[in-house]
Structure formats: structure tokens, C-alpha cells
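With the hints as a guide, dock the two chains, each given alone in a separate frame, to form the complex.
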Amino acid sequence: MTQLRLAVEWVLVAFVVLGAVPLLVACYQFLLVAYHFRRLHYARSQPWFPRMAILIPAWNEHAVIGASIDRLMRLEYPRERLRVFVVDDASTDGTPQVIQAKAAEYPGNVFHLRREKGGEGKAATLNHGLSIILGDEWMQAVLIMDADVIYEPSSLRAMSAHLADPDIGSVTAYIKEGSQPGNYLTRFIGYEYITAQAAARRSQDVLGVIACLAGGAQLHSRENIEAIGGRIDTSTLAEDTVTTFRTQRAGRTVIFEPHATVWAEEPGTIVGLWRQRLRWARGNVQVTRMFRHVWFRKQRGNRLGGLSFGLLWFCLLLLPVFMVCASGSLVALYFINYRLAWDAFHVLWLTNVITYVFITSFALMIDPVIGRRTWFQALLFPGAVNVTILLAAVLPVPLDWLADTTLRGAGVTVTPGWVRGLELFTYIWLAACMGVAYLGKLAEPRRFGRVLSPLFVYIGGYGPLLCAITTAAYVQEFRGADRHWDKTEKTGKVATHA
Amino acid sequence: MTAEPEKRQAYPGAPEQAPAFDDEIEAAVRYEKRLVLKALLAIALVAVILGLRAYFFG
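Here the protein sequences come in this chain order: A and B. The numbering of the first sequence is our numbering, which starts it at 6 and goes up by one. The numbering of the second sequence is our numbering, which starts it at 10 and goes up by one.
Don't read these hints as lab results, they were simulated from the structure. Treat the numbers as computed from the prediction; the structure is a model and nothing was measured. Here a beta-carbon is modelled for each residue, glycine too, at the ideal position from N, C-alpha and C. Treat the hints with caution; some may be incorrect.
[As the list claims (entries may be wrong)] Restraint ranges, calculated between C-beta atoms of paired labels, are given here: (1) B/Pro21 / A/Asp141: 19 to 29 angstroms; (2) B/Gln18 / A/Arg377: 30 to 40 angstroms; (3) A/Arg377 / B/Pro24: 25 to 35 angstroms; (4) A/Tyr343 / B/Phe65: 19 to 29 angstroms; (5) B/Ala27 / A/Gln105: 28 to 38 angstroms.
[To be verified] Pulled a few chain A residues facing chain B out of the computed Cβ check, cut under 7 angstroms: (6) His46; (7) Met370; (8) Pro401.
Only chain B is shown next, with the shape it has when bound in the complex (with noise of 0.2 angstroms):
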């Protein structure tokens, strides 16, 4: 079993509650993998628009 590295605190002085530099990076970095899933809904919205329009009418 290995120990979990200590996370860096976000700021000297930085209530005790308040989130880790690690955590708000990993919250960072879940936020820009999220626009992956944001973009290709809106390409799909793209080809749902153009797909019933093709359907509908031709």
C-alpha cells in the first residue's frame, strides 16, 4: 500500500476547507475535458438540424 502524495495548499494562509491547488487543477481539467462532450453534442445538433431538413424536405 502506498501513502497518496500530501496536496500542495492552494495559498498561504488558506482556510483549511478550502479546496487543494491539486483539487481546483483536477477540477480544471474535468471542466476542459467536459467541452469534448459539449462539442460533439453540438455537432450532433448540427446533423440533426441538416438530417431533418434533408428528410423533410429534400
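The following block holds chain A by itself, in its conformation from the complex (with noise of 0.2 angstroms):
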């Protein structure tokens, strides 16, 4: 019975100490950042302009796409290589006129094409344009864009000159949230897109192989874009993530070049970031399942196989379960063995400290910019509670005398009960921490949802937000759920924030 027992104990510290190694995967993936000079590819890129088509695909896109086609008439790129295909998904608003207008302002550089029957998703839009500009032998390279993401005026050649070496299949940009005024929200995906973009597309650049093109941005030459068959997957939610994987496994080079920026305009609300992370999160699990046979197998000519790229796909897609399989080992142990359970906690939270120190404060120097405006939001990213619990690792002394003379000043005595019971709190918190962010989505809608939903957020966490939308993802993928596209609504308030 004690052996069944200590080999219980121990099963849970392992379950715990296991909930440590995304947090040890993340820092791996900033260590690589700094690696990343190592691997440039400047040596082989140079000033090139391909014949360069641009390929919009847009359903409704009136508000934006206008601005968007002036924007590319004013890259620094020469205007008789570049022509603008805007795919017009069967709107019902007055983006054709728009299209049209532009094309009669830019003739022989805009285009605009037309699907009568709409609504069949991105890439069925996307496929519609490609089946015409492969048609033509005038195209060398196609950039895929959204119809709203706005393109600093050197990017699009930053990301050409890569074109000149014919090993690189693809290039992909630097996306920066850029709305103006933005909130709260776009705050938090700003420094979100610094870890997620300028970080681990640097370090995925070191490995020698990329997750995801951007959907924004995506440049491929148009041998790579025959090698993967001249279409976009429509089988997913995520027809990037497959082209990208596809290009690799063709043979050719992915190369993600973070001095292009192009900026876009994310969510503002929950409900928005939500529905849009919900597509992205299922389309994951929907790669992580088409490509079963890929993942930890060497591989010829690719590196989609690796070690490393599996453990940085694995700990993202599998976050929640890492974090409620820590958080109920705990409990558990909690209830078996109170000393074991604090032991395995300070391990745990250890390596939450580092993890957040280092990731925070090089994120932030990592895009200066981007940081000076989302330092408050890279702070509390992982919620104000996990914070507090971190600064309590840190500095248990001052904290525990602020607890003590602020209970003992509202006349309530901190027994070991108390205790006690703050430690569960702790343990159950680390999943609950989810549920709570969740909240934020539930309130938004409601009365007084604009002062609640962004206090769900602050006190839950951003992190733990897109952790309960990849469970929500893992939910509808097991139930079957309809693949049906659900486009992230624009208004067209980006600006460059340069």
C-alpha cells in the first residue's frame, strides 16, 4: 500500500515537473533569437524585382481595400513589375466599385476579378486568382496578402531580394498590429506578435524551417508555387500553415525576414480575437493531424521532422493540457502529500520565473517600438494573479508581511487554515486561470461588458485567453464542428506606427 502509494506521489511530480517543460521550450525557442545572425541569408539575396503579381483576396472589403491599393501603388518596387489582383468573393457592398475605381486610376497595374458565387472561404478565393495569374506567363512571383494589412514602402522588395537565390521558395514579413486608436486588446496582441512573430519566426529561421507564411504576407516564386501544385489547401482552416509546410516539403527554403514590416489590423474584441484564434487553433490541430506522418521523423531535403521544430509545435498546440494536467497533479498531491505538493510547486514556479523574466524583458528589446507602446500588457500577460504568484516566489518575505498588516488591518487573523487554503487556490489557479479569462468573452456582450470583459482579461490572463480558445479548438475538432470560414471583420483602422 506505501509502495502504491509513493509510486502515486511520484507519478503526480511527474505530471508537475512535465508542466515545466513548455515553459523550458520557450525559453530555448529566445535563446535561438540571438542565434539567429548566424543564419542570415543576406549573403545570397539582392536587389531583385520579379514580375510580381499581388493576389487580395476580398469579401466586403470596402472600408480598406481602396487605402490597401494606394498603399502598394507606393512601394518601392518598379511599378511595371508589379500588377494587383484583387479577388472579389461575391461582395455585397460596394468593394467592386471600389476595385473598379482603383482600376481605372492604375490601369494595366490593378485588376479586378470577380467570383459570382462567394462564401466558399479564403482559399477557394485565393485558388480562383491563381488558376488566372498562372494562366499568364508574365507572372515570376506572387505575393499573397490580406486585403487590409498595410506595407511599409521597402518591404516588398526586403522580402524579393530573397527571390534572387532560387533555393527560397517562399518569403514571409514581419506582421505588427497597427491599429489606430487601438485598446487594450490590440495592446496585448502587439506584444504577442513580438514573441509569436519577431521571436519565433527568428528562431524557426535558425532551425532551417518555418511553422506559417503569414496570411498577410506570403511571397512565393512561381516555380514554388507549380512545385506545390499551383493551389492552395482548402481541406483546413489553415491554408497557410499547409502551403508553408507543402514548399518545404518540396525541397525548397522558407525564409522569414523580420525587417520587412507590414502592419495589420487586429481584433479589438474579445468576441473578434475569439472567433479568429478559434479558426487559427483549429487549423492547427487540423495540421498536426494531415501531417501525422511528419512529425519527430528525419526527413530528406526538410526539417519539419526535427526534434526541436516538434517540441515548439507540440508545447504551443498542447499548452491547456500541460497547464490543467499540472494544476490537477497538484491538487491531488495537495491532498496526499501537503510537503511533496510545495516542493513540487517551487519547481514548477521557478521555472515560471525565469521563463517570464528572460521571455519579458527580451521580447520587449527584441521590437523597442512595439514594447515602448505594450510594456503594461507584456507585463500582465500571463494575468495579474500568476504575477502576483510569481512576485511571491520572488519576494515571499515583503509579500507575506503586506498580506499579514493588510488582513490584519481589515481585523481578520491569518491562521494556518488561511493558509493552507491560499495554497490551493494557488494550484487550482493555474488552470482555473483559463476559465477565468474565458469570462471576459461571456461579459463582453453584456451590461457593463466593457469595464468587466478587459478586468476577466487583465486578472485570467491574455496567455491563459489563448490557451482557452486552443481548448475550445480541441473541443470542436473532436465534436465535428463545421469548417465554415469566419472572416475577421476590418474596418480599416491600421496605420503605420513607424
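This is the structure we're talking about:
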């Protein structure tokens, strides 16, 4: 009986320690960023201006499409080598009129491709455009972008310079959140993009494998598009990730160009964010399944099956599972062996402190311009309660004193029962923070939602909110929910912050 | 004395005062190299916090 209990205890400890794995992998990812300067592709790049077809899928984009086309016409790229094809996916607003006006304003540069039957999703819209572009010998490279994004004037040529090397199949850029005026949520996203784009993609560059070409900035050589079949996958909700994987499986390299900046408007409400990210997260689950024979298997010509890339991919995809396992195991340990639970928690939380300080400070320095706008959201990314627990781990005595003094002042006597209760709350919070962040979504459309919703996100955490969305994606995929394309609403409030 | 190789224009029709392609690449490489220092700074910050924690609170 004692041996069985001992075995159970150590299994639970193992689950808690396993909770530290995604944190360590995140640190590893950020350490790779520092090595990026050794893997730069600039030695093989040169000023290169292939005949460029820019493909924009558009459905009811009249608020943004005109400005986007104007911006594209101001790119530092030879105008005679630039053609913009807007695939109007049976828009019901003024989109066709805006595109036609722009086609008249920029004759020979802007083309309106109309689909009378729309609503089949972004990939089907892109395929309509690709079939037309590929039917003509003119195009040497194609840039796939979103209707709302704004390219900085130098960004396209910074990307196309890499295509001078025929080994390069695709290039992506650094997408930055550019809503003006922004709000707390767009600032969270702004900081998130430093970690998920500027940092993560640099580290993937170092590993020689990119997880995803940003949907708003995918530059492909004609050879690459033809090599992957001349079509975009329509069977998943993550068509850009599938294109990225197929490019690399076809033996071509995908490059991240961190100095090509593209500004995008991201959702300013949790409901909008939830819709967008649920699509992304479900897409990732589908891609994981679609490429199930790729993971952790060495392959000739690409590094998709590498150990490091597999760890990065699965630690992100399974983060909610890690969190729930660690939390549940701590709670079980608390009732079986209180002391052991406390020790295991210390190991987990020490790793958390190291990860939090390293990643937050480094990320803010990677992009100091965005960092200056988003430092507050960066600090509260894990949520106010989690940050308080982190502080308690670093400054136990002063915080104990502060809590004791406050409670005494309120006439509350701190008993050992209180302390134990607080510890149990801490263990539960590890997973419960996702639920609290989710309350932000529930509260948003209701009365006082404008106040309560941000409060829940700040308390529960933006990171845990993303984990809650991933959990919802598991559930929807498990239930085989509809795979309809839920478009993110764009209002045209994006601007460059340079 | 060897002549310095001519720098490549960033794009056709670029104004004279615009940085050359090679200057842009140099700037990008410098930025990437500075990330090493930034990573070291972040690691140093972690070390200081853990050191102070160990020194003052055991």
C-alpha cells in the first residue's frame, strides 16, 4: 500500500514537472533568437525585382481595399513589374466599385477578378486568382496578402531580394499590430506578435524550418507555387500553414525577413479575437493530423520532422493540457502529500519566474518601438494573479508581511488554515485562470461588459485566454464542428507606427 | 590602394540620398547582432533576480 502511494505521488510529481517543459522550450526558442545573426540569408540575396502579381482576396472590404491598393502603388518596386489582382468574393457592399475605380486610376496595374458565387472561404478565393495568374507567363512571383494590411514601402523589395536565390521558395514578413486608436486588447496582440512573429520566426529560421507564412504576407516564387500544385489547400482552416509545410516538403526553403514590416488590423474585441483564433487553433489541430507522418521523423530535404521543431509545435498546441495536468496533479498531491506538493510547485514556479523574466525582458528589447506601447500588457500577459504568485516566489518575505499587515488591518487573523487554503487556490489557479479569462468573452456583450471584460482578461491573463481558445478548438474538432470560414471584421483603422 | 566596390542601388529610381542596398543589409545585420547583447542582458536580469532572491530570502 505504501509503495502504491509512493508510486502515485511520483507520477503526480512527474506531471507537475512536465508542466515546466513548455516553459523550458519557450526559453530555448528565445535563446535561438540570439543565434539568428549566424543564419542570415543576406549573402545570397540581391536587389531582385521579379514580375510580381499581388493577390488579394476580398469579401466586403470596401472600408479598407482602396487605401490598401493606394499603398501598394507607393511601394519601392518598379511599377511596370507590379500587378495587383483583387479577387472579389461576391461582395455585397461597395467593394467592386472601389476596385473598379482603382483599376481605372492605375490602368495595367490593378485588376478586378469577380467571383459570382462566393462564401467558400479564403483558400477557394485565392485559387480563383491563382488559376488566372498562372495561366499567363507574365508572373514570376506572387505575393498573397490580406485586404487590410499595409506594407511599408521597402517591405516587398526586402522580401523579394531573397528570391534571387532559387533555393528559396517563399518569404514572409514581420506582421505588426497597427490599429489606431488601439485598445488594451490590440496592445496585448501587439506584444504577442513580438513573441509569436519577431521572436518565434527568427528561431524557426535558425532551425531551418518555418511553421507558418503569415496569411497577410506570403511571397512565393512561381516555381514554388507550381511545385506545390498551383493551388492552395481548401481542406483545412489553416491554408497558410499547409502551404508553408508543402513548400518545405517540396524541398524549398522558407525565409522570415524580420526587416520587412507589414501592419495589420487585429480584433479589438474578445469576441472577434475568439472567432479569429479559434479558426487558427482548429487549423493547427487539423494540420497536426494532416501531417501526422511528419512529426519527429527525419526527412530528406526538410527539417519539419526535427526534434526541436516538433517540441516547439506540440508545446504550443498542447499548452492547455500541460497546464491542466500540472494543476490537477498539484491538487491531488495537496491531499496526498502536502509537503511534496509544495516542493513540486516550487520547481514549477521557479521555472516560471525564469521564463517570465527572460522572455518578457528580451521580447520588449527585440522590438523596442512596439515594446514601448505594450510594456504594461507584456507585464500582465500571464494575468495579474499569476504575476502576483510570481512576485511571491521572488519576494516571499515582503509579500507575506504585506498580506499579513493588510489582513490584520481588516481585522482578519491569519491562521494555518488560511495559508493552506491560499496554497490550494494557487494550485487550482494554474488551470482556472483560463476559465476566468474566458469569462471576459462571456461578459463582453453584456451590461457593464466594457468594464468587466478587460478586467477578467487582466486578472486571468491574455496568455490563458489564448489557451482557453485552444481548448475550445480541441472540443470543436473532437465534435467535428462545421469548418466554415469566419472572417475577421476589418474597419480600416490600421496605420503604420513607424 | 584598392577601390571600394560600388554599392548597389536599393531599387530602380531610388533617390540619391536613399540608403544603398548594401547599407540596408549592413544595418539589418547590425540589428541582428545586437540581439545577442539583448539576450545576454535578459539573462543577466534573470541571474540578478535569482541571486537577490537567494541572498535575501534563502
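Here is what the structure says about each hint:
Between proline 21 of chain B and aspartate 141 of chain A the CB atoms are about 23 angstroms apart, so this pair conforms to the stated range of 19 to 29 angstroms. Checked against the given bound of 30 to 40 angstroms, the beta carbons of glutamine 18 of chain B and arginine 377 of chain A, roughly 33 angstroms apart, stay inside it. The given range of 25 to 35 angstroms is respected by arginine 377 of chain A and proline 24 of chain B, whose C-beta atoms sit roughly 30 angstroms from each other. Distance hint check for tyrosine 343 of chain A and phenylalanine 65 of chain B: the Cβ-Cβ separation is about 26 angstroms, which falls inside the suggested range of 19 to 29 angstroms.
Between alanine 27 of chain B and glutamine 105 of chain A, the C-beta spacing of about 34 angstroms keeps the proposed range 28 to 38 angstroms intact. A least Cβ separation of about 10 angstroms between histidine 46 of chain A and chain B goes past the 7 angstroms threshold, and the interface hint is therefore violated. Checking methionine 370 of chain A against chain B: minimum C-beta separation of about 4 angstroms stays under 7 angstroms; hint holds. A least Cβ separation of about 5 angstroms between proline 401 of chain A and chain B falls short of the 7 angstroms threshold, and the interface hint therefore holds.
Violation of the numbered hints given earlier is confined to hint 6; every other hint is satisfied by the structure.
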